[in-house]
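Each protein sequence line maps, in turn, to chains R and L.
Each residue of the first sequence is one higher than the one before, counting from 1 in the working numbering.
Each residue of the second sequence is one higher than the one before, counting from 1 in the working numbering.
Keep in mind that the hints were calculated from the coordinates and are not lab data.
One thing to keep in mind: the hints can contain errors.
To be verified - Simulated coverage check for chain R against chain L, where a stretch passes if three residues somewhere in it have a Cβ under 8 Å from a Cβ of chain L: (1) 82–92; (2) 171–180; (3) 185–199; (4) 255–266; (5) 309–322; (6) 329–339.
Stated by the list, open to error - Some chain L residues well away from chain R (every beta-carbon gap over 12 Å; in silico): (7) F2; (8) A32; (9) A34; (10) R102; (11) E350.
Virtual Cβ for every residue (Gly too), placed ideally from N, Cα, C.
There are 2 protein chains.
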Amino acid sequence: MFPEWVVQPCPGVSAVHQDAARVRQAELTKPAGALGRLETLAIELAGLQHADRPRAERASILIFAGDHGIAAQGVSAYPQEVTIAMLANFANGGAAISVLARALGASLEVIDVGTLAEAPLPGIVTDKPRRGSRNFSAEPALEPAELAFAFEAGRRAVARAAASIPDLLILGEMGIGNTTAAAAVAAALLAVGAGSVAGRGTGLDAAGRAQKVRIIDAALRHHDLTTPDGLAKPGVTPVKILCAVGGLEIAAIAGAIIAAAQRRIPVLVDGFIVSVAALAAVRLNAACRPYLIFAHRSAEQGHRLVLEALEARPLLDLDLRLGEGSGAAVALPILRLACALHNDMATFAEAAVPGRSG
Amino acid sequence: MFPEWVVQPCPGVSAVHQDAARVRQAELTKPAGALGRLETLAIELAGLQHADRPRAERASILIFAGDHGIAAQGVSAYPQEVTIAMLANFANGGAAISVLARALGASLEVIDVGTLAEAPLPGIVTDKPRRGSRNFSAEPALEPAELAFAFEAGRRAVARAAASIPDLLILGEMGIGNTTAAAAVAAALLAVGAGSVAGRGTGLDAAGRAQKVRIIDAALRHHDLTTPDGLAKPGVTPVKILCAVGGLEIAAIAGAIIAAAQRRIPVLVDGFIVSVAALAAVRLNAACRPYLIFAHRSAEQGHRLVLEALEARPLLDLDLRLGEGSGAAVALPILRLACALHNDMATFAEAAVPGRSG
Chain R
1 MFPEWVVQPC PGVSAVHQDA ARVRQAELTK PAGALGRLET LAIELAGLQH ADRPRAERAS
61 ILIFAGDHGI AAQGVSAYPQ EVTIAMLANF ANGGAAISVL ARALGASLEV IDVGTLAEAP
121 LPGIVTDKPR RGSRNFSAEP ALEPAELAFA FEAGRRAVAR AAASIPDLLI LGEMGIGNTT
181 AAAAVAAALL AVGAGSVAGR GTGLDAAGRA QKVRIIDAAL RHHDLTTPDG LAKPGVTPVK
241 ILCAVGGLEI AAIAGAIIAA AQRRIPVLVD GFIVSVAALA AVRLNAACRP YLIFAHRSAE
301 QGHRLVLEAL EARPLLDLDL RLGEGSGAAV ALPILRLACA LHNDMATFAE AAVPGRSG
Chain L
1 MFPEWVVQPC PGVSAVHQDA ARVRQAELTK PAGALGRLET LAIELAGLQH ADRPRAERAS
61 ILIFAGDHGI AAQGVSAYPQ EVTIAMLANF ANGGAAISVL ARALGASLEV IDVGTLAEAP
121 LPGIVTDKPR RGSRNFSAEP ALEPAELAFA FEAGRRAVAR AAASIPDLLI LGEMGIGNTT
181 AAAAVAAALL AVGAGSVAGR GTGLDAAGRA QKVRIIDAAL RHHDLTTPDG LAKPGVTPVK
241 ILCAVGGLEI AAIAGAIIAA AQRRIPVLVD GFIVSVAALA AVRLNAACRP YLIFAHRSAE
301 QGHRLVLEAL EARPLLDLDL RLGEGSGAAV ALPILRLACA LHNDMATFAE AAVPGRSG
């Protein structure tokens, strides 16, 4: 029933290209290791891209948008209409990710995989199984067929992006209420209480956050996702969790991550919500993990635990908590410069610079 | 005797422009504060540039190079000839900073303010009072007139760069042995033992680092810069410290920082050595401090203490320890994207996006 491709293998990393990149880094005119993570990034990309000269010039940004029934519980500081209003802002070029895409020369596609919009929005790809998820306080957020549709929508978006042969993908999200759904998914996947992963989202106060934690913890019990002590329950799969408390854009991103890895396209992972989708993707298909490059540590509480579970060390820590793929976009120049240094610096031999003493 | 301009005032930050930038940030289509440090950077630049729309497009990179008599004590993993060889590599476009300057569309000028080169090197500006500093284990590194010359060389470089109306400057350095001179200056300015600020430089082993620490501690005593307990001594000025254990490129960078601030040009500060020069500059003229934006936390031990003394929180932490202004160059896109977001995002009113609930 659940799409078979989701668990099919992803190509392996090329150890030959990684080794060659490591050798080249040691020959460039700098002390060994002096470029720190810029060196390891270039080596990593060379292995993922099976390339002597890794690249991060051609970046495709895919933003998945969905609405959340749980918003009815008052879990967001902003009204639900903001989701659709922001899609228009994306299309009109006024949102943060629109500005960043222009500044970076990256393509930007926004996919409505489940907002409340009744008709297709101009400038937005519409590919959704239903309008919004259900309120998971009362019922499962998604039927299995709806979840499967969202995974397919993620895969279709990657297939469209792949036509322009991108060096990497940036995945982002928009959806009022989606930090609540993401925190619920993370709590269930990690078998922790909501207090460890639910943050203030777009700007809840302390009381609002406490209510959000109570709503999620109650839903975890209601859907039988954790034991009464908050421990993992045997038989609770990522698919069950995503149906119970997930969201359409979170599912689409998980699908997009697996589809990108299967096509050997690295993914620059944004903040909390995309990281939770990545955690679900890795639980479904661990072979996608090497394709994930973590862009930044979000200011959203809960990102830390999710990053730890993924053994991820993000590149940036700039107190960002906007979403929209914005943190990943801000990290893109780091990858580009890492590639430029790897590809264009002179070697000690070329530059006739003496090496280490003795 | 010491140049009078060094202690002359720097223009103040414009509170009017900072306040206007803060108001604008609150109106942009994102939750308040969701862009974290990108917001504060844009506000800071607006205040420094006295501008409604801050900019970081036009960047001038100035690299100051010098040799160090202390290299004779075996404090570097690389032979002293590397300084001059690397200048040729800068000029030929093969060094890390050359690659970064091209990738970023930034101008690059390399100034020999004191290498051992006997004749001017092609593609390099020569502006030096002597060839190399003296070995500070035995004698003061610089005469006061030589130090003053280096400060003037820094100021002259800023004057040349200012002709192209840069939005900001990136200052960097090259000089085998200069982490030893910088650590000695830092230890004296901060009144700490060398063990707290001397690191492995370009790649010393543990024994090499221990020897470097002993050499610096002995020099601090020899030049009477700290008390026998390693405490600050009354009357030990930054000028005395820079003459005793400094270096020509360190002095030139300190001069360049003050000259840039006096011209109201922000400076993106690189790693350990530039930060030590910045600390000396701030001790000489505290009014330059607001113009300093700290790019990254170097992997070089000792940077932490210097950053703390400057109350600096750098933007990046990528284990870089190359110098050449490379870490500052890697941070430049962060500033550019912060400006793009500030200047080009739509406001809630423009985009007709609803604001917070309630």
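Results of checking the hints against the structure:
Counting residues of the stretch 82–92 of chain R whose CB falls under 8 Å from any CB of chain L gives 6; the rule of at least 3 is met. Residues of the stretch 171–180 of chain R with a Cβ under 8 Å from some Cβ of chain L number 0, which does not satisfy the need for three, so the listed coverage is violated. Beta-carbon proximity to chain L at under 8 Å applies to 0 residues in the stretch 185–199 of chain R; the threshold of 3 is not reached and the given coverage is violated. Check result for the stretch 255–266 of chain R against chain L: violated, 0 residues qualifying (beta carbon to beta carbon below 8 Å, three or more required).
Given a C-beta distance limit of less than 8 Å, the hint that chain L covers the stretch 309–322 of chain R holds, as 8 residues qualify and 3 suffice. Taking a C-beta to C-beta cut-off of 8 Å, the stretch 329–339 of chain R contributes 6 residues in contact with chain L, enough for the three needed, and the coverage statement holds. Taking the minimum C-beta to C-beta distance to chain R, about 34 Å, the non-interface status of L:F2 holds against the 12 Å cut. Residue-level check failed: L:A32 sits 6 Å from the nearest beta carbon of chain R, not beyond 12 Å.
Listed as outside the interface, L:A34 is inconsistent with that label: its C-beta sits roughly 4 Å from the nearest C-beta of chain R, within the 12 Å cut-off. For L:R102, the non-interface assignment is contradicted: its Cβ lies about 8 Å from the closest Cβ of chain R, within the 12 Å cut-off. The beta carbon of L:E350 is not kept farther than 12 Å from every beta carbon of chain R, the shortest such distance being approximately 6 Å.
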